[in-house]
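K.L.:
Spelled out, the chains give:
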Amino acid sequence: MKITMAHGSGGESTSELIADIFEKSFNDPVLSKMEDSAVLPGAGRIAVTTDSFVVTPLFFPGGDIGRLCVCGTVNDLLMSGADPEYLTCGFILEEGADTEDLRKIAVSMSRTAREAGVRIVAGDTKVVEGSGGVYINTAGVGFVPDGINVGASNCREGDAVLLSGSLGDHHAAILSKRMGIENTIVSDCAPLVGMVDAMKRSGVRIHAMRDVTRGGLATILNEFASAAVCRIGLDESKIPVSPQVRGFCGILGLDPLDMGNEGKMVAVVAPEDAERAVGCMRKSRYGENAAVIGRVEAEGESAVLLKTPIGGTRVVGPLYGEGLPRIC
Amino acid sequence: MTDVRPFLKNYDGPPVRLMEVCGTHTAAISKNGIARMLSPAIRLISGPGCPVCVTVTAYIDRLVELSLRPGTVVLTFGDLMRVPGGRMSLNDAKAAGGNVRMVYSPMDALRLAESDPKNTYVFAAVGFETTSAVYAALLEDAESERIGNLKLLTSLKIMPPVIDWVCRNQGGVDGFIAPGHVSVITGCKIYQPLAERYGIPFVVAGFEGGQLLDAIYALVKLRGRPRVMNLYPSAVRENGNEEARRAIRRYFEPCAAAWRGMGTIPGSGLMLRKEYSRFDAGSAGLDEDCNFSPGCLCAKVLTGAISPADCPRFGRLCTPQTPQGACMVSQEGSCYNYYISGRGSK
Numbered sequence: 001m002k003i004t005m006a007h008g009s010g011g012e013s014t015s016e017l018i019a020d021i022f023e024k025s026f027n028d029p030v031l032s033k034m035e036d037s038a039v040l041p042g043a044g045r046i047a048v049t050t051d052s053f054v055v056t057p058l059f060f061p062g063g064d065i066g067r068l069c070v071c072g073t074v075n076d077l078l079m080s081g082a083d084p085e086y087l088t089c090g091f092i093l094e095e096g097a098d099t100e101d102l103r104k105i106a107v108s109m110s111r112t113a114r115e116a117g118v119r120i121v122a123g124d125t126k127v128v129e130g131s132g133g134v135y136i137n138t139a140g141v142g143f144v145p146d147g148i149n150v151g152a153s154n155c156r157e158g159d160a161v162l163l164s165g166s167l168g169d170h171h172a173a174i175l176s177k178r179m180g181i182e183n184t185i186v187s188d189c190a191p192l193v194g195m196v197d198a199m200k201r202s203g204v205r206i207h208a209m210r211d212v213t214r215g216g217l218a219t220i221l222n223e224f225a226s227a228a229v230c231r232i233g234l235d236e237s238k239i240p241v242s243p244q245v246r247g248f249c250g251i252l253g254l255d256p257l258d259m260g261n262e263g264k265m266v267a268v269v270a271p272e273d274a275e276r277a278v279g280c281m282r283k284s285r286y287g288e289n290a291a292v293i294g295r296v297e298a299e300g301e302s303a304v305l306l307k308t309p310i311g312g313t314r315v316v317g318p319l320y321g322e323g324l325p326r327i328c
Numbered sequence: 001m002t003d004v005r006p007f008l009k010n011y012d013g014p015p016v017r018l019m020e021v022c023g024t025h026t027a028a029i030s031k032n033g034i035a036r037m038l039s040p041a042i043r044l045i046s047g048p049g050c051p052v053c054v055t056v057t058a059y060i061d062r063l064v065e066l067s068l069r070p071g072t073v074v075l076t077f078g079d080l081m082r083v084p085g086g087r088m089s090l091n092d093a094k095a096a097g098g099n100v101r102m103v104y105s106p107m108d109a110l111r112l113a114e115s116d117p118k119n120t121y122v123f124a125a126v127g128f129e130t131t132s133a134v135y136a137a138l139l140e141d142a143e144s145e146r147i148g149n150l151k152l153l154t155s156l157k158i159m160p161p162v163i164d165w166v167c168r169n170q171g172g173v174d175g176f177i178a179p180g181h182v183s184v185i186t187g188c189k190i191y192q193p194l195a196e197r198y199g200i201p202f203v204v205a206g207f208e209g210g211q212l213l214d215a216i217y218a219l220v221k222l223r224g225r226p227r228v229m230n231l232y233p234s235a236v237r238e239n240g241n242e243e244a245r246r247a248i249r250r251y252f253e254p255c256a257a258a259w260r261g262m263g264t265i266p267g268s269g270l271m272l273r274k275e276y277s278r279f280d281a282g283s284a285g286l287d288e289d290c291n292f293s294p295g296c297l298c299a300k301v302l303t304g305a306i307s308p309a310d311c312p313r314f315g316r317l318c319t320p321q322t323p324q325g326a327c328m329v330s331q332e333g334s335c336y337n338y339y340i341s342g343r344g345s346k
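For the record, the sequence lines run as chains A and B.
Quick note on numbering: this note's numbering labels position 263 of the first sequence as 263, and the sequence is numbered without any gaps.
Quick note on numbering: this note's numbering labels position 239 of the second sequence as 239, and the sequence is numbered without any gaps.
Treat the hints as calculated values from the structure; they're not laboratory data.
Be careful, since some hints might not be right.
Unchecked claim - Which bits of chain B does chain A cover? Going by a derived footprint, with three or more residues having C-beta under 8 Å, they are:
1. 23-30
2. 34-42
3. 88-97
4. 206-217
Stated by the list, open to error - Heads up, simulated DSS-like pairs for lysine-lysine below, C-alpha to C-alpha not over 27 Å straight-line:
5. A/Lys-104 - A/Lys-126
6. A/Lys-307 - B/Lys-9
7. B/Lys-9 - A/Lys-238
8. A/Lys-104 - A/Lys-177
9. A/Lys-238 - A/Lys-200
10. B/Lys-9 - B/Lys-118
Stated by the list, open to error - Okay, the calculated bits of chain A under chain B, using three or more residues with CB under 8 Å as the criterion:
11. 36-44
12. 107-121
13. 302-313
Glycine included, every Cβ here is placed at the ideal spot set by N, Cα and C.
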């Protein structure tokens with residue numbers, strides 16, 4: 001089998017590739033949990049994660065690859081319940097990349113790291129033949145406080161499903177820029193430290209968390225439903241999507257549920273804590289549109305169901321293929 | 001406006017089978033969860049209106065062959081990438097070193113061809129009347145900008161002959177949700193002869209959930225009457241878009257076309273006129289169609305003879321991850337939509 005673009009989609013093909021090659025080869029019980037970071041024993045509990053950033057264009061409305069590579073890794077640490085502390089970064093630069101661009105990217109990384117309260121403590125640079133591309137890998141380390149136990153399999157019947165804001169902004173901003181479509185859509189690329197800290201401080205019992213990146217909300221909730229063997233019910237009218245993104249998706253035949261963000265998270269919390277958790281999100285930067293979008297309705301079956309605005313119900317599957325525009 | 005939902009849920013009159021012809025309608029019906037809002041006496045079936053799904057394997061094979069030819073780049077919409085051909089899909093061809101580029105608009109083709117005059121760019125031109133108008137505009141621009149290295153591999157189809165084919169060969173359809181986008185070009189009057197010939201109603205609808213419910217309601221009410229109703233007047237006019245049709249006629253002429261699962265239907269396709277054959281990448285004679293696995297029932301699904309879930313391959317051997325036919329690949333394909341929205345299971 002050859003690698004195809006679908007293997008990088010964040011959807012089902014990505015999961016299959018990871019399960020088939022990396023999970024099997026590396027064969028580590030912590031890695032096999034497939035959480036956003038590995039939580040390890042040691043001096044306290046350490047969370048470790050890594051991510052590579054290959055976005056084009058390097059600069060886009062609302063961010064750049066530098067802000068993205070910090071946010072992505074910081075958010076993955078946060079989603080495991082960890083307080084992010086350290087980052088490493090590896091640059092792979094293609095011959096012809098511009099040093100001024102690189103400086104802008106580094107400054108953006110530094111600014112975002114300060115905002116997120118993390119230090120960039122190690123790095124590496126390689127240059128390869130090519131045509132000016134810039135790729136960055138970041139790894140992150142964080143510490144998981146006592147009493148925090150976050151994982152997809154912890155979702156329980158009755159739990160509330162929260163979304164921290166509107167879907168699809170980053171994906172739509174990148175696609176618009178790539179396709180030369182002029183609109184006002186801006187990437188939501190942001191570190192989610194503030195809202196996660198607020199929830200933890202106020203004692204919200206968070207059962208599962210994920211940042212909504214490639215593969216979209218649909219893929220994440222399907223992973224939750226599989227891991228916890230539960231049925232998740234969503235109310236489409238509660239899921240925030242900006243009118244601009246909705247219009248953009250309509251034109252291209254994309255579904256916001258499949259679209260990627262870089263500054264949004266979904267949290268599954270104990271039912272009594274739902275309102276408090278939404279309050280924490282809404283009061284924090286980047287969370288003003290947070291909402292309860294659904295519930296864990298039952299245990300014992302794996303499914304994600306969506307109630308549509310006209311009163312219909314449909315199954316929400318994970319993203320298949322690349323999430324491509326329709327053709328007519 | 002009356003709420004049609006209770007009527008549709010509790011309907012207990014004679015059973016009605018309604019066909020949505022357009023792939024975008026199929027997707028919208030799934031997305032809105034409409035199937036479960038209907039009484040068991042109202043059955044929705046998907047017709048042959050997803051352009052990718054009705055494309056025969058010979059066409060995919062030709063694209064694959066072109067992509068592997070030095071100096072040729074194949075441009076395609078994303079949906080076509082994963083459609084299995086006789087030997088491989090375009091995705092497979094790309095992984096094997098073939099020159100395949102995904103584009104979002106045919107107009108991207110102009111810029112690509114212009115910036116790279118050494119290579120020949122072949123656009124995979126599939127679609128119905130709506131998309132044909134866009135290809136005509138593309139050719140107009142290619143002509144006026146004198147871009148000589150852009151060609152089309154056409155598999156263009158027109159809607160009325162295939163609706164006629166379904167009524168004549170399949171029967172059992174009590175009404176059609178007529179395609180919204182196609183009707184923008186053709187106008188809604190083109191359905192009148194079909195309505196009269198077969199004594200059934202046609203309702204032109206847009207893609208909002210509420211409008212689809214209204215269309216289904218209207219079709220149930222109009223059962224047995226040769227009426228054409230337009231619920232999408234904001235976009236569709238009685239006579240359609242004459243200017244677009246003129247542009248299509250300038251470059252294309254009607255021809256017999258091969259449909260996956262249905263064979264060749266006279267007058268159901270469009271091909272480049274002789275005087276524009278310089279734009280043709282070899283579209284003639286691509287009629288052969290093969291099944292990818294024994295027992296594949298694409299043909300029956302595409303014509304609405306059976307529901308996707310009735311195919312023994314559905315959801316088992318054939319899933320979006322392991323598609324055996326185009327209808328499980330395309331985002332507008334009936335099998336794909338049944339699968340992802342759970343319409344196949346109760």
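K.L.:
Now, for every hint given, state plainly whether the structure supports it.
P.N.:
Right, here's what the structure says about each hint:
For a cut-off of 8 Å, the count of residues in the segment 23-30 of chain B with a CB near a CB of chain A stands at 4, and the three-residue condition holds. Counting residues of the segment 34-42 of chain B whose CB lies closer than 8 Å to any CB of chain A gives 4, so the stated coverage by that chain holds, three being the minimum. Counting residues of the segment 88-97 of chain B whose C-beta lies closer than 8 Å to any C-beta of chain A gives 5; at least three are required, and the coverage claim holds. With 3 residues carrying a beta carbon less than 8 Å from a beta carbon of chain A, the segment 206-217 of chain B meets the three-residue requirement, and the given coverage holds.
A threshold of 27 Å between alpha carbons decides the hint, and for A/Lys-104 with A/Lys-126 the separation of about 18 Å falls inside it, so the pair holds. As the CA atoms of A/Lys-307 and B/Lys-9 are separated by approximately 16 Å, the hinted pair is consistent with the 27 Å bound. Distance hint between B/Lys-9 and A/Lys-238 is fulfilled; the C-alpha atoms sit about 24 Å from each other, no more than 27 Å. Proximity of A/Lys-104 to A/Lys-177 is assessed by CA-CA distance (about 19 Å); at most 27 Å being required, the pair is judged to hold.
Taken as a hint, the A/Lys-238 and A/Lys-200 pair is honoured in the structure, with Cα atoms around 24 Å apart against an allowance of 27 Å. A threshold of 27 Å between alpha carbons decides the hint, and for B/Lys-9 with B/Lys-118 the separation of about 60 Å lies outside it, so the pair is violated. Remark: the segment 36-44 of chain A is not confirmed as covered by chain B, as 0 of its residues place a Cβ nearer than 8 Å to a Cβ of that chain, below the required three. Here the segment 107-121 of chain A counts 0 residues with a CB under 8 Å from a CB of chain B, which misses the bar of 3, and the coverage is violated.
Given as covered by chain B, the segment 302-313 of chain A passes the check, having 10 residues with a CB less than 8 Å from a CB of that chain where 3 are the minimum.
When the structure is compared with the earlier hints, violations turn up for hints 10, 11, 12 and for no others.
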